[in-house]
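Asker: Residue-level listing of the chains:
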Amino acid sequence: MDFSFVIGQSITQALGVTAIIYCLAAMGLNLQFGYTGLLNFGQVAFAAIGAYSIGVIVISFGASLWAAIPIGLLASVALALVLGIPTLRLRADYLAIVTIATSEIIRLMVRSIALRETFGGANGINGKMGQAFHDLNPFHADIELPFLTWTRQDLWVVTVGWSLIAIFTLATWLLVRSPWGRVVKGIREDENAVVSLGKNAYVYKMQALVLGGLLGTVGGIVWAVAKQSVQPDNFVPDVTFFSYTILLLGGAARVFGPIVGAIIFWFLLVFVGEFLNQMIAAGWITFLLPTDVGPIRFILVGLGLMGLMIFRPQGIFGDKRELALDAR
Amino acid sequence: MPANGQRALEAQSALATVPRVPGASKPDPILVASSIVRRFGGLSAVDVDHVEVQRGSITALIGPNGAGKTTFFNLLTGFDAPDEGAWSFNGRSMGRLSPYRVARLGMVRTFQLTKALNRLRVIDNMLLGAKGQRGERLWASLFPFLWRGQEVKNTERADVLLKRFSLDAKRGDFAGSLSGGQRKLLEMARALMSEPELIMLDEPMAGVNPALTQSLLQHIKMIREEGSTVLFVEHDMDMVHDISDWVIVMAQGKIIAEGPPGDVMKNSEVIDAYLGSRHEKALTESGESLTTGEIK
Amino acid sequence: MVNTPKVNPSDYAPDAHYIKAKGKRIRTRIRPRFYVGALLTTIAACLLLVFAPSAAADGTAIVGTLKGPDGAALTNVSLTVVAEGFTETVSTGADGAFRIEVPKGGKYQLSVDAATLPTGITFSKAEDQNRSILVLMGDKKVLFTFASGTDGGSTTTSSFTWARISQLLVDGLFFGILIALGAVGLNLIFGTTGLTNFSHGELLTLGAFTAIVLNELGLNLIIAAPLAIIISAILWGWGQNKILWKPLRRRKTGLIASMVVTIGLAITIRYILLLFFGGSPRSYQQFAGQSGLEFGPVSITPKSIVFAVLAAIAIAATVIWLQRSRIGKATRAVSDNPALASATGIDVERVISVVWILGAGLAAFAGIYLGSTQDVTWNMGQRLLLVMFAAVTLGGLGTIYGAIVGALVVGMFVQLSTLIIPTEMKTVGALFLMIIILLVRPQGILGRRERVG
Ligand SMILES: Nc1ncnc2c1ncn2[C@@H]1O[C@H](COP(=O)(O)OP(=O)(O)OP(=O)(O)O)[C@@H](O)[C@H]1O
Ligand SMILES: [Mg+2]
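Chains as they are written, first to last, in our numbering: chain B, 1 to 328; chain P, 329 to 624; chain W, 625 to 1077.
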């Protein structure tokens, strides 16, 4: 059994493209759920919009990546408006139901045979959709540190990805410490109280939904550019719930929560997976098949999500003082 | 009758000539409502023909449980929509306005069930009340220099109010850690942060410890002295008697009596509707012997 | 007189039990000791099942028949079975059938070599190509569904014939009844506890799997089904409330947090099932391949008639129970106003227990119904969850009649919509309908607006 391989894989993944994508999605959820109290169960829809905008516009229509990115962001805003208009005046549950439903609507539509010409059906869209971005790659060689190996391409994506995260984190920090942040936090606590003080809660909720959705869309764009392939079944509701787990792991309503959460989450998930795989391969575990590792990882995520929400919604490094106030 | 303060005298003398009948018109009404009806299924929770509230007065809205007081508040402040009716505030017609607009026009309410924003600090609760904040706009919020100055001024004002309501020691605590009575105080102070012209308090005394009641009464009188109008719902007859310039009585959705507190409490219709004949004696004997417990 | 602050019920639900009823209690026929006994028996049965695979049996085999979407046998397709120290590859015969003898019960990995499929034929479900199979004893039948690559799955026969419309109406009615079974429980739980349960679909799945387990242990479905419903009601309903939700209510966990917890629970349950039972669809041993009876232009299988009638009876019984029985009335009182209900001597926690039992029982029924008319898979309930939510939001969150009406509307809508949209997108139609209704009438068809302040 190759333990250093397991650790290496875990570290590479924890800092890698997937962690970046999920971190962006979780940052969106942090604005929506953590600060504003909006239960968006369809964050994956925003990621799908981003990824498919790139795929469709670059590959199916042959346009430029630099045109596709703003169009994807616009589509994301449109989606947020469509989701928000009917639901943001209603109880929190309605937004949750409508968002998860919409994420499935989108997945089923892009998957459908009827729209295969555009979206590629179950096979999705494959092709060099991120080429324009990779052409700008300033790195000349792959990186091979102990425990950390990235190709030249990955290195470029990871550098830009984490830089984006840094910028968005700064913006989030500015937002939530401002009077705007105070209003959205007030809405999270009690919307009617905020309305009775003359704030248009609906507009603030919409703003949070749009901003959070945009972060998810950026995640989707990173996906398409980095993996050069988008498939409908990459965008199942579980992606949203992984993002929730990440957010809670790092701590909801904490500016650095999603970053901390994404790194720990992917480290643990990859570690457990690879560790079990190695154990099975080495014959140390005989009661499991290699195919059992996938479900086991999901079970851990499910249990983690429940446990965190119940016992430590403020994150593993969270502040006890807030917990004492009834953790919602 | 409390006779303290310039405004109190003004309000009382203005109301002195008003006939003591339901729907009486006032010399200088800040709020006028006509034929307001709200039904829940078969039940007419509110069915008010006409009512006016005198500017600069403290007006009490009383009535038995389920009389429709809170529903009436909800309708007036836009949190609920009436089946029929129209009302105006400061001469401006208010029908179908969203609640946040109502508040911006200067008609601010508190809730019967307190709505402290638990995971916000007390001072942030207060600051949320301030009006016209530049930093509440999404783009401006990213540039602190645009709103810092205003924020400092608001904070000063909030600190003054907190001190007045004896909450200054709790300034940095989460509102969720306050006691029930302190939350009532915070909610009232927060509403005052928006400098309302008309403040509508739904049972401000419920759950407030008797020792605090006196100072709360002073606060409410102070609001009047500062030029605002107060409309409040209360079950505590002592308090109503003590501070109100005018009392409006609701029962089963209708306004059944109006007048200065002394007069209204002698009104036999009110006694019947409000307390049932059993309590007649206690009530007519002046508020003194009545405890809140008996009424509830 | 009682001072009753009226807020939406959910605001009160979490701490409702704090106002413990001291007065008269509503008596029900629940005997905790009976439950404990049943619980232990079931756990024993489950353990038995988990260990059963290791018991070797004679003549154990994986069997199946591969047929194309047009029903033609797929010949010469190569399949491989892999397990610890065992590999075997076979090809399908002229009738499309295959049989792979395996040494003992246990878990096997079955994969189909897609290259050997006739051109133009693809898997309807990609996961069919490679799946792990739990073989207990005897022949383990494996089902495959194929689509023809060009238009598989989107077979819109957009012919507006009356025959087709009446068939779809009947299908829609049956589907609506199925949804109603789930939606009623979902709504009862929402009504009494304020919880929007995103793991309700898993109650269906658990019910279907409980029946599969009993069925594969040798019980005929006619016995296994009612037994599974009872076990599910107790284990997955009462037990879940007892172990998870009651403590959470005591901790005053808020509703939003609880919703996230239901998501975590749903994921956990689904993947536990996937881990233990594998991803391949299963079917009950009885009534599997029934052919339909012809009623004029409409063809219906006898089993769906039986299930639909029983389901309709179960729903009607639930409604009557809510109207007539003491505990039913108490349930309605709690849905209306938990604080008031508990102040008038209703034991809110007891009502909630009963509602979970009932909800899980109805859901298990729905799961078995779904499992026997289609097949039993680890994510069958999840796939129905959104349709149930569509039904519930359509009818109005928290109202029972709303749930039933909503379910029938959604059921019909889903089926009839296939007249114009491709079959693969029929759920999309229902979800769209839900969003449109929310725009027009947010409180649902039969719902009511809630109050502020
Ligand atoms: N959303 C609602 N749905 C149905 N009935 C309602 C609703 N809101 C209020 N009611 C009913 O309207 C009537 C008036 O209620 P309201 O809360 O206005 O009374 P109140 O005068 O404020 O009583 P209290 O002194 O107890 O606060 C009550 O009978 C109540 O049950
Ligand atoms: Mg009231």
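Hints are computed from structural coordinates only; laboratory data are not their basis. The C-beta atom is built at its ideal place from N, Cα and C for all residues, glycine as well. Warning: the hint list may mix true and false statements.
Covered stretches of chain P, going by a simulated chain B footprint (3 or more residues, C-beta under 8 Å) [stated by the list, open to error]:
1) 341 to 354
2) 419 to 430
Partial list, computed: chain B residues near chain P (C-beta under 10 Å) [stated by the list, open to error]:
3) His134
4) Ser178
5) Asn200
6) Ala253
Asker: None of the hints should be skipped; say for each whether it holds.
Answerer: The hints, checked one at a time:
Check result for the stretch 341 to 354 of chain P against chain B: violated, 0 residues qualifying (beta carbon to beta carbon below 8 Å, three or more required). With a cut-off of 8 Å between beta carbons, the stretch 419 to 430 of chain P has 4 residues touching chain B; three or more are needed, and the interface restraint holds. The criterion of a C-beta within 10 Å of any C-beta in chain P is not met by B/His134, whose closest approach is roughly 31 Å, and the hint is violated. With its C-beta approaching chain P no nearer than about 4 Å, B/Ser178 sits inside the 10 Å limit, and its interface hint holds.
The restraint placing B/Asn200 at the interface with chain P holds, with a minimum CB-CB distance near 5 Å, inside the 10 Å limit. The interface hint given for B/Ala253 is met, as the beta carbon of that residue sits about 8 Å from the closest beta carbon of chain P, less than 10 Å.
Hint compliance for this structure: hints 1, 3 are not met, and every other hint is.
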